[in-house]
Amino acid sequence: MEANTHVHRDDVASKLGMWLFIFTEILLFGGMFIVYSIFRYNHPVAFHLAGEELNDTMGLINTIILLVSSMTVAMSITAMQRGQVRRSMQLLVITIILGLAFLVNKYFEWGAKFDHHIYPGSSFLRELGTGDTLFFGLYFMMTGLHALHIIVGLIILVWVAFYIQKKRTRPDKYVFLENGGLYWHLVDLIWIFLFPLFYLIH
Amino acid sequence: MSETAAQLNFFQETQGRKGILAWILSTDHKRIGLMYMYTIMVFFIVGVLLGLGIKMELIAPGLTVMGPQAYNSFFTVHGVIMIFVIVIPGLPAIFGNFFLPIMIGAKDVAFPKLNLFSWYLFIIGIITVLISLFTFGGPPDTGWTFYAPYSFKTTTNMFPAVLGAFILGFSSILTGLNFITTIHRMRAPGMRWMKMPLFAWSIYGTGWIQLFATPIVGITLLMIIAERFLKIGFFDPALGGDPILYQHLFWIYSHPAVYIMILPAMGVISEIIPTFARKGIFGYNAVVISTMAIAIVGYFVWAHHMFTSGMSTTAQFVFSLLTFFVAIPSAIKVFNWVATLYKGSIRLEVPLIWALGFLFLFMIGGFTGLFLGAVATDVHVHNTTFVVAHFHYIIFGGMGSAFFAALHYWLPKMYGRMYNKYWATVGWATFFIGFNVLYFPMFILGYQGMPRRYYDYLDQFHGLNIVSTLGAFIMVAGIFVIILNLIRGARHGEQATMNPWEGRSLEWTVPSPPPLENFDEIPDLTKSSAHPA
Chain A
671 MEANTHVHRD
681 DVASKLGMWL
691 FIFTEILLFG
701 GMFIVYSIFR
711 YNHPVAFHLA
721 GEELNDTMGL
731 INTIILLVSS
741 MTVAMSITAM
751 QRGQVRRSMQ
761 LLVITIILGL
771 AFLVNKYFEW
781 GAKFDHHIYP
791 GSSFLRELGT
801 GDTLFFGLYF
811 MMTGLHALHI
821 IVGLIILVWV
831 AFYIQKKRTR
841 PDKYVFLENG
851 GLYWHLVDLI
861 WIFLFPLFYL
871 IH
Chain B
3 MSETAAQLNF
13 FQETQGRKGI
23 LAWILSTDHK
33 RIGLMYMYTI
43 MVFFIVGVLL
53 GLGIKMELIA
63 PGLTVMGPQA
73 YNSFFTVHGV
83 IMIFVIVIPG
93 LPAIFGNFFL
103 PIMIGAKDVA
113 FPKLNLFSWY
123 LFIIGIITVL
133 ISLFTFGGPP
143 DTGWTFYAPY
153 SFKTTTNMFP
163 AVLGAFILGF
173 SSILTGLNFI
183 TTIHRMRAPG
193 MRWMKMPLFA
203 WSIYGTGWIQ
213 LFATPIVGIT
223 LLMIIAERFL
233 KIGFFDPALG
243 GDPILYQHLF
253 WIYSHPAVYI
263 MILPAMGVIS
273 EIIPTFARKG
283 IFGYNAVVIS
293 TMAIAIVGYF
303 VWAHHMFTSG
313 MSTTAQFVFS
323 LLTFFVAIPS
333 AIKVFNWVAT
343 LYKGSIRLEV
353 PLIWALGFLF
363 LFMIGGFTGL
373 FLGAVATDVH
383 VHNTTFVVAH
393 FHYIIFGGMG
403 SAFFAALHYW
413 LPKMYGRMYN
423 KYWATVGWAT
433 FFIGFNVLYF
443 PMFILGYQGM
453 PRRYYDYLDQ
463 FHGLNIVSTL
473 GAFIMVAGIF
483 VIILNLIRGA
493 RHGEQATMNP
503 WEGRSLEWTV
513 PSPPPLENFD
523 EIPDLTKSSA
533 HPA
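Chains A and B supply the protein sequences, listed in that same order.
Residue 671 is where the first sequence starts when you use our numbering, and the numbers rise one by one after that.
Residue 3 is where the second sequence starts when you use our numbering, and the numbers rise one by one after that.
Think of the hints as simulated: they come from the structure by calculation, not from any bench.
Note that the structure is a prediction, hence the values are computed from the model and not measured.
Ideal placement from N, C-alpha and C gives every residue a C-beta, glycine not left out.
Honestly, I wouldn't trust all of these hints.
Unchecked claim - Non-contacting residues of chain A with respect to chain B, defined by C-beta distances greater than 10 Å in every case (computed): (1) 683; (2) 686; (3) 687; (4) 690; (5) 694; (6) 757; (7) 785; (8) 797; (9) 799; (10) 817; (11) 821; (12) 832; (13) 843; (14) 845; (15) 859.
What the hints assert, rightly or not - Below, computed lysine-lysine pairings styled on BS3-like, alpha-carbon distance capped at 25 Å: (16) 843(A) - 233(B); (17) 115(B) - 685(A); (18) 109(B) - 776(A).
Okay, chain A solo, but in the shape it has when bound (with noise of 0.2 Å):
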């Protein structure tokens, strides 16, 4: 606030408008869902089969560290809750770090795919035919539009860390950690929808 202007402090708005927030998120993931499933309507034997090229144990990887990083980011906001600011951070450098790692995989998951020739419009995919080109489309289209809010959320969650070393985040003032947060569980949130409809449904 500048110094002129009034100090007007809501946390329940805060995080009021950040629920909003997180509900046009789920609304614009939404768009990409009917899209994904009017397709895999529409092309259920190219689906099952395309579904079974992805690599489950990959899948299955980043979903358990999304979920152990949800569960940390949620152990750093209880820990400034008690007013162990050193916990707190320490357990948001380790959902950083999750976060990281759960790129890195996504790296080497989307790598594989390109060497195998599968990658939006390749002649190797058009060869395969509509339904296995689809597929793959929305694969990387709402794959990579999830790797994007992870990315994100890593800048929200390293600003937040930030704040709680300039004390500006702090035991009785921590709703940007709330919010942050709300954020990182959204896009774990996405990736549980993301997994079966990719990995698992055959």
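With chain A fixed as given, assemble chain B onto it according to the hints.
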């Protein structure tokens, strides 16, 4: 102006910043509202001139002033600018920003910094759209709807235009989010939900539509970009995709977007009519409920844009029925406004004249909307100038009139000065006559079968097109009179009192222009019982 030496108004209180920095770094909701207004007015004039270019080309059959490619670009850019830069943000971003906090007795919006960030996004979005006009490939030519598959096959410069629309949508989401939180958390003591001014209610309903609908068009525009660069095939039949799917996704947003445009306009009218009838609004509860009903039902009517695109008969029936449903709350509001005027002590000032013009034009637009909502007549007039005329009656005649009504109603509060009422009335009359001469012939032309979006037409349509273009010139002359008069009023007009219209909502209880934080003390309304306006 009633400020004392101790209390500067928000223009004078620069918070120690100089020149333009006092504006672009300020988180004051009033300054942000005015920054939106200046931006929007500049682009409004650009959009009007582009529209005039379209009418110039249509004054005679064959090539008159521009060829087909230029014509396609003209109506595309006219549409993109008018829809995404002016009509969607117009009323919420200008008057919502300026007056919503004052109306509910707050010192600012819930997130002032986010509010300023939304304005920056707005500017970035506009610049991105403008880039598409002047860089390789040339201006987009798909129409503002960016219909697939043409939007990813055309060689014109679509990417910046689509990305710009996406950024503008993001700005709109953040503004809506800000207003909803403001209304939930920052109402003054005693400002109960059912005591809120109706403009605040309309901003609330609009905020929810912005949140619910905009992300869908966001993802759809991202898919168009992905189609262009990665050739994924969502909307490309050759790759297994479906162009109709694009239309569905697009209209899931863009039909509710029509209510983003019209709901705040209805809110403005619901403020102005009681003030000048000097009477409380007739049926406050009905107006509130119909506002929210429009916001909700408006989601389930999108496919009436696609009756001729290929859809099952059941779907056509359902969407047509729902379209008729959404007309009901709109009609309820019209009855409420007319009933408010009935036996009122009417003071015929400029804002009321605009509001009455709104009623007339909105009703024509609304009734012709029913023609289009009924499947049988829609098949006949689909993609003709009938649709264009209907749309402009609702959006320009409706939302546009409400926009000018709001400007004439609130300008004395915003600048502390009054415009020349004589020239304001002349401007309105010129606009009103020109508007009807411009758009009414298009109903007839469309009914006779003149298609829209062609630079050429058959000789039989020539006569009415001349009338229409003539109307365009009259209307544009009116717009210039109105705007010049307002600018002159804001700069040199005589000083306005605190409450020139004897309005009863909270913005009339603060000085004109308001001080930086609006109120010395947050007003307490727990003892007053009446609705504020």
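Hints, verified against the model:
For residue 683(A), the non-interface assignment is contradicted: its Cβ lies about 4 Å from the closest Cβ of chain B, within the 10 Å cut-off. A beta-carbon of chain B is positioned within 10 Å of the beta-carbon of residue 686(A); the least distance is around 5 Å. Not every CB of chain B is more than 10 Å from the CB of residue 687(A) (nearest about 5 Å), against its label as outside the interface. Distance to chain B contradicts residue 690(A) as a non-interface residue, since its nearest Cβ pair spans about 5 Å, not more than 10 Å.
A Cβ of chain B approaches the Cβ of residue 694(A) within 10 Å, the least distance being about 5 Å, so the stated non-interface status is violated. At roughly 30 Å from the closest C-beta of chain B, the C-beta of residue 757(A) stays outside 10 Å, upholding its exclusion from the interface. The Cβ of residue 785(A) sits about 18 Å from the closest Cβ of chain B, beyond the 10 Å cut-off, so the non-interface label holds. Once the 10 Å rule is applied to beta carbons, residue 797(A) is consistent with being away from chain B; the minimum gap is 12 Å.
Non-interface status of residue 799(A) relative to chain B is broken: a Cβ of that chain comes within 10 Å, the nearest being about 8 Å off. No Cβ of chain B comes within 10 Å of the Cβ of residue 817(A); the nearest lies about 14 Å off, and the non-interface call holds. No beta-carbon of chain B comes within 10 Å of the beta-carbon of residue 821(A); the shortest separation is about 16 Å. Separation of residue 832(A) from chain B is adequate, the least Cβ-Cβ distance of about 17 Å exceeding the 10 Å criterion.
With a least beta-carbon separation of about 16 Å from chain B, residue 843(A) lies farther than 10 Å from that chain, consistent with its non-interface assignment. At roughly 12 Å from the closest C-beta of chain B, the C-beta of residue 845(A) stays outside 10 Å, upholding its exclusion from the interface. No beta-carbon of chain B is positioned within 10 Å of the beta-carbon of residue 859(A); the least distance is around 15 Å. Of the supplied pair hints, the one linking residue 843(A) and residue 233(B) is violated, its CA atoms being roughly 48 Å apart against a limit of 25 Å.
A C-alpha spacing of about 16 Å is found between residue 115(B) and residue 685(A), which places the hinted pair at or below 25 Å, so the restraint holds. Between residue 109(B) and residue 776(A), the direct Cα distance comes to roughly 47 Å. Violation of the 25 Å bound is thereby established for this hinted pair.
Comparing the model with each earlier hint shows violations of hints 1, 2, 3, 4, 5, 9, 16 and 18; every other hint is respected.
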